[in-house]
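Residue numbers (our numbering), protein chains in the order written: chain L, 1138 to 1638; chain X, 33 to 661; chain Z, 12 to 526; chain C, 10 to 110.
Each hint should be verified, as a subset may be incorrect.
Unchecked claim - Quick look at which bits of chain Z chain L covers, simulated, 3 or more residues with Cβ under 8 Å: (1) 69-79; (2) 156-165; (3) 209-216; (4) 383-390.
Said to hold, decoys possible - Straight line, CA to CA, 25 Å or less: simulated DMTMM-like cross-link-like pairs of lysine to aspartate or glutamate: (5) LYS480/Z x GLU512/X; (6) LYS455/Z x GLU192/X; (7) LYS95/C x GLU11/C; (8) LYS595/X x ASP456/Z; (9) LYS619/X x ASP103/C; (10) LYS414/Z x GLU192/X.
Calculated from the structure, these hints are not laboratory results.
Remember, predicted model here, so these are calculated numbers, not experimental data.
All residues carry an ideal CB built from backbone N, CA and C; glycine is no exception.
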Amino acid sequence: MLEPITVSLASLNVTTMAPMLIAIVGALTILSIDLFKDGLHKSLYVMVALLFLLLDLGAVVDFGTIFLRNGTVLGMFNMMLIDGLAILSQIIIVVASMLFIPLALTSKRFHEYNYPEYFALFLFMIAGFQFMVATDNLIMIFIGLETASLALYTLIALHNRSKSFEAAVKYFTMGALAAGFFAFGSMVLYAITGSVEINQIALSLAKDEYANIGYVLLGITFLLAAFGFKLSMVPFHTWTPDVYEGSSAALAGYMSIVPKVAGFVVAMRLFEFLVHSGVVWLQVILYIIVVVTMTASNIWALVQSDVKRMLAYSSISHAGFVMAAILIGSTQSNTGLFLYWALFSFTNLGAFTMLWVNRQKNLIAGQSSDHPYEKFSGMIRTMPMAAVVMALFMLSLAGVPPFALFWGKMYMIGAAVSSGYTVLALIMALNSAIAAYYYLKLIVFMFMKEPMAAYGENYLLNASLSLKTIIGIAAVATIFAVIAVNPLLKVITLFVYNSGY
Amino acid sequence: MELYLYTALFSPLVGSLIAGLFGASRKTSFTGLLTSGLLLTSFISSVILLTYVMAGHTVHVEMMTWIATGDLYIPFGFVVDQVSVTMMMVVTTVSTVVHIYSIGYMSHDKGFNRFFSYLSAFVFSMMVLVMSDNFLGLFIGWEGVGLCSWLLIGFWYHKESATWAANEAFIMNRIADLAMLIGIFMIYWNLGSLQYDVVFAHISILPMPVITWIGIFLFIGAMGKSAQFPLHTWLADAMEGPTPVSALIHAATMVTAGVYLVVRANPIYSEIPDVGNAIAALGAFVAMFAATMALVNRDMKRIIAYSTLSQLGYMFVAAGLGAYWVALFHLMAHAFFKALLFLGAGNVMHAMHDELDPFKMGGLKTSMKWTWILMTLASVALAGIYPLAGFFSKDLILEVAFVEQHYILYSVLLITAGMTAFYSFRLVALIFHGDKRHLEHGIHPHEAYTFMLYAMAPLAILAVISGMVFKTPYYLMVTELLPAVQYHIHNHTTFWIMTIGTQLFVILAIAYAYKKYAKAVKVDKKVESGFFYQLLYNQYYIPKIYDEVFSKPYLQLSKLAWKEIDLKIVDAIVDGIANTIYRTGEKTHTMQNGNLSSMLRWMVIGLVVLLVLAVAFTAGYNAVNLQAM
Amino acid sequence: MQEHILSILIFFPALAAMLGFVVHKDGAKAYGITVAGIEFFLSLWLWHIYDPMVSGMQFMESAPLVSAFGINYLVGIDGISLFIIILATFFTLIGILSLTETRRVKDMIITLLFLEMTMVGVFAALDAIVFYVFWELSLVPMLYIIGAWGGPLRIYASVKFFLYTFTGSLIMLVGMLFMAYFYYQATGQWSFSILEWYRLILPANFQMWLFAAFFMGFAIKVPMFPFHTWLPYAHGQAPTIGSVILAAILLKMGTYAFVRFSLPLFPDAAVAFMFPIAILAIIMIIYAAMVAYAQEDIKQVVAYSSISHMGVIILGTFAMNVEGISGSVFLMIAHGVVSGALFLLVGVIYDRRHTKLMSEFGGLASVMPRYATIFGIMMMASVGLPLTINFVGEFLSLLGFYKQSHSYTLVAGTAIIVGAIYMLSAYKKAFFGPVTKEENKHLKDVNRTELLGLIPLVVIAIWLGVYPKPVLEPINNSVEAIVQLMHDKAQTPEAQKRIPNLATTGTMNSVSEAH
Amino acid sequence: MELTLNHYLILSTILFCIGLIGVMRRKNLLMLFFATEILLNAVNVGMAAISHYRGDYTGQMFAFFIIAIAASEVAVGLGLLVVWYKRTGKIDLDQMTSMRG
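Bound conformation, chain L alone (with noise of 0.2 Å):
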């Protein structure tokens, strides 16, 4: 006998979805508006995943001042978990998804554009992220990615070249991989603890005393590897390189950024509560894992040929040394985590939205790829105002001070020193000694090189307005981020403390 089941719907407070809702609707509009007339132009859509996205924000700012006032918000059967990070991943991922909107209104033509299922698909997709950051249940990560992620695989099928194609069948495959991974590991959590939310594995964990610590580690080992995948952490990074570059550049720039922070959340929740348990296994491979991360990519970024390619070598490196932030796993380092993300996804974003905006549709006679640094040589003479953009971006992707991401290295790096990982400190420093030789090579190319006449007629041919004022807002945050890292820090570190972490 089935007893009646009765839950208040107080009790489930379902305004814990709202941001995510949010997203979802826009997207059903958007499919609905095509519905009663095709063919409209995506200036349209644009306009209108900008406008839901900027309810989404709200919705998500609002959450954030509730946060403050009343701390942790749980909803929908403890599913949905409003934490300080979820509110500031999501910050990141709606502001980052809305600079990135307007990249579609390019000058040239491109297919994707012209259907609305792809800006319904990215509104799904930032839904699937939100998902995933704002709950510490497996099963709803689990939703969330592969909503996530199933979306953007489409979102870069439909780029619409047979190396869109290509990056997208093999981010499937892997991404179908990982996600075995995730759901073993999973399991085997599930086995040990009998539970699938972070918080109860945790105390329950605790409770005796990690007696299976060998089956623990069977599972951490397993959602680690789900979580490299997503996080491009070598060896499973793969994918990475392959796929920015098949997508087109504002997409890797998308993706070097938001997926990432989505996946830095879940891992924060995942990994810290072992970290601070004393899993010492996980203390070493993390310390493996960013080290060789970093160092690797950084070098293989070295010998790029492709700028865009390049980037994606840099964004590992990135994410490399943000994922030391979980392994010291103090106040510090997560505000750090979230403080250097912000700031990177300007910078980032800034740098591949130029590569988007010297996007040509045909290549050239010998031109291999679609950003290949000799296009870019001697730019300070064709376009000096471009080319010194594009300087910034990169030097602050070096770490030059004052530039933006100076600060979310030093605060990093401080956050390290401060736990007393120096030598880890010291490595994040030389890897970014390192990786100053890869980004200088386009500085070079750009500034002490002479032009060469074959890539004349095809630079900015994708520029808009629309994409300028993007190049323009990150290029500003770029350069005076000195004035918002205070204020950034001090909410940050109020979010990141309140949450525990």
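Following the hints, complete the assembly by docking chains X, Z and C onto the known chain L.
Showing chains X, Z and C alone in chain L's frame:
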């Protein structure tokens, strides 16, 4: 009196600067006249100062602060006392003469203006050197004269030998200057001041080893300037400069700066008689060593240069033995007759179209009568024949050695005196007597400008009288400051035997020189190819040894340092690190081969590696836990 | 205006550089001269209103930057930084005045003005992060100058310059963060203020590590042996103006930082590392001099001579007494003037002949007498002749170190010998001897534009050699404060012994005057 | 013999390993997709068994979601495969190497 002090000091500088403004322009006699005039002014001021000092006063001024930091305080301070005024007189006298002489000597040279600028700058530096009231001020002059010496030796900079000699002189002096600096450092850190009066007043409170080291380092400094062995080679090479330069710088003034330093620092050296003895011994050695090289040399100017070196040795003997006033006295007398000798040689060179080998001259006394007279006079003075200057100053040094019972030194100096007489008159004989060998080379000599001869006249007079006339007043004046020791041989018989014996010995040497070289020059092949002759002729092979042991290895080592160490090791390591990183990237980035299968495999491999590590860790963890239980 | 003089000095050139984008390229040089001139006069005015009797910081300004992490915009100067700032503005002016570059002058001027901002900023910064910001930022314009206007190997040289120094400074950054963390542990507050850091007394073993971390940054910048190999390339490839500013100012950042950071923060470590560093300094002095002697390219001679001289500066800095440190700070200025002038002079001949190989010259003294004279004066200054600017610094540096070690100073003192060897032989090769090359027979002597840049340098080189007091006195006062601070902080007996206590000995006069 | 939880878990692991091997070995894209399905279903077996053993439904819930996700993955994957096949006429992995390095 301060006005005269500043006049004496700065008029050469003014002259130098004004002449320097015309340095790059065409010759204007104006520069020569101006600088000479200003030097005359300086000379007159010095004379006034001399009378003032003779009256028993001294002048001490502090112009302004130079370096002041921490406890260090060094002003531009100048002192005119008994010692410095003597030096001032020597410097201004000889330099005025040389300036006037040079107007004639350099009249056909393109660098006329430049020459006078340098020459006056030298005089200024020398004045700073002698007038300074502290060690660092002395060092300014010390280096200043070094610079001017460099400029003037290398005056004919198109000549490789000249520029080489200039650099050699500068660098060798620098070696000694380092020692001097160290001496200065020691003084400062031990006494907290570099002012002469403070230092000399307190030197005796220092422990003996410290004073000894100070004395040694300062003396090494002096050795460089005064070209004492083993830093002597530059002096002979410095003869590449114009002859008036040799007269002024490399005979009369600059090279005596070392002697001046020892005399000036007499309170230090009085504390350390052992060092003094060593100085004396080195001086005696150099005196003889240089004289032997002069015996066989075939270069007129080099002979005189070695003679200078030899006489400097004498001075150091005196200074080393504590007879500071004697050293200074010989310094003065020597300045006069040696400058005269050089200027005479300059006349000869002009006449012989810059020929320097006396074996290619001869019989010049007919065409260059006055030069002959002047040079003979100077040689006589140098040889120390009564009543010329050399007798009073040089023989006095012999007496000092004798009285102080350094009989070995005495004997060495005595033999050297004979050699001195021999090589001086060998030169005179070869140049002015015998056959007119120069005719073979198509040279028709003529006497120098009259005004040049007139210019030399004061030196000639001084060479004659300075010993006899100045000795007593000089002694009375200078012993106000320097230790007043009379060096009298109390036994009258010994005194007369010694004096007359020495005179006879010297005269015999002169006679032998005349006999051997005045008529015809017979070249004794056997002697010349002998070991000793060759040894002396090649200056004991020392320049060659220096070249082989120091110069060449240094250059080779430098090249090695650059090409092998700097480029191939230090830089290569840096580049190597960068390249290794880059190459690692090139080698390993092929793991990204684009094949989905291998990408998936990488993921699985990663997983498996993690699993293995997990298992290993668990096993280890359990093992540890079991042990703990 | 007086309160904000430093901010104005720092940001005026940057602002002017931004506006410079608007200026037409024909007027770029005039614009640059105007801006640099104004900046120079501002810095002179700074000197005028600076109180030389005060040993501490003056014209301090403070504004919160990242206050949550203890980073503030904090600037101020003392006698040590004052003159290097003036030197920086002066050389920017001189450099632009004597600029002969014709390619993309506007870019060059804008870059130089940005560079000027960073240079002034480095020396005025009193917050470690602000210091670091300017320190790193200065690399960028220099990178561009070398890389865009340099010789055939310019890209290699510029990238090497950038990466090498960047790597060193990142290690230094880690050290700074560690230091801030220490401060945080000691006081519960984050702070990067150098003056606040001065108040910390660190345990000796931590001092060692921190000293080493800072050392990496500074040593590469100086550059100290064996981290010096970027310098010959940078100088060899850089255009004249690049070399001038690099030698005159950028290298001084390293030695300045030693005085500003390493000594007062880690007195015990500084004393402990004194002799190893002295050995490096001696190697720099002698080895670089030897390498200079072997060079064929006259610019490389000057480049290596810089390394050699920087060795003396380092030695003076680590003398740990007022004489030595004052001397080394003075020598920084002196070396700036002299090496800057020498690079300008090399530039003069390079403009005419487009080669810097000494074998291509010879006998220039007769063809270009004025040039030879000025070169000669500067060479003699470089060799350290008394009454030239270098002597004062070199003498004091060596004198200072003599207090610490007799034998080391004796060896280091060979600087005056080996320095003479390479300089004189280079001078001989280029200027003396007969004119052998046809091209050299009709070279024009220095023209008015070039004289405009060179004459002031000659005047300064002699003026400060004869009368160093106006510069030396403020330096001395500030250095005394630092030495006293070091003495008060010293914990190890060794350090207490090596660092003099001025309160009891030297400054009796000033103490009694104060009452 | 009674089937215990361990048997299910071992089965699940074996299935997972089969899936892994398939992922590594298969060069045909379609077969690769099958292999990933096996992976996910291996987890499903385990989840269901644990859920039963533990007596709570979370595991089964998870399993259902996994099924749903696997289904949508197939949809997307097959879509990509079809497009790829249309463009190139092949579904061989080794052909898919235009990007590398």
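A quick look at each hint next to the structure:
{"no.": "1", "hint": "69-79", "in the structure": "holds (count 5)"}
{"no.": "2", "hint": "156-165", "in the structure": "holds (count 3)"}
{"no.": "3", "hint": "209-216", "in the structure": "violated (count 0)"}
{"no.": "4", "hint": "383-390", "in the structure": "violated (count 0)"}
{"no.": "5", "hint": "LYS480/Z x GLU512/X", "in the structure": "36 Å, violated"}
{"no.": "6", "hint": "LYS455/Z x GLU192/X", "in the structure": "24 Å, holds"}
{"no.": "7", "hint": "LYS95/C x GLU11/C", "in the structure": "51 Å, violated"}
{"no.": "8", "hint": "LYS595/X x ASP456/Z", "in the structure": "34 Å, violated"}
{"no.": "9", "hint": "LYS619/X x ASP103/C", "in the structure": "22 Å, holds"}
{"no.": "10", "hint": "LYS414/Z x GLU192/X", "in the structure": "42 Å, violated"}
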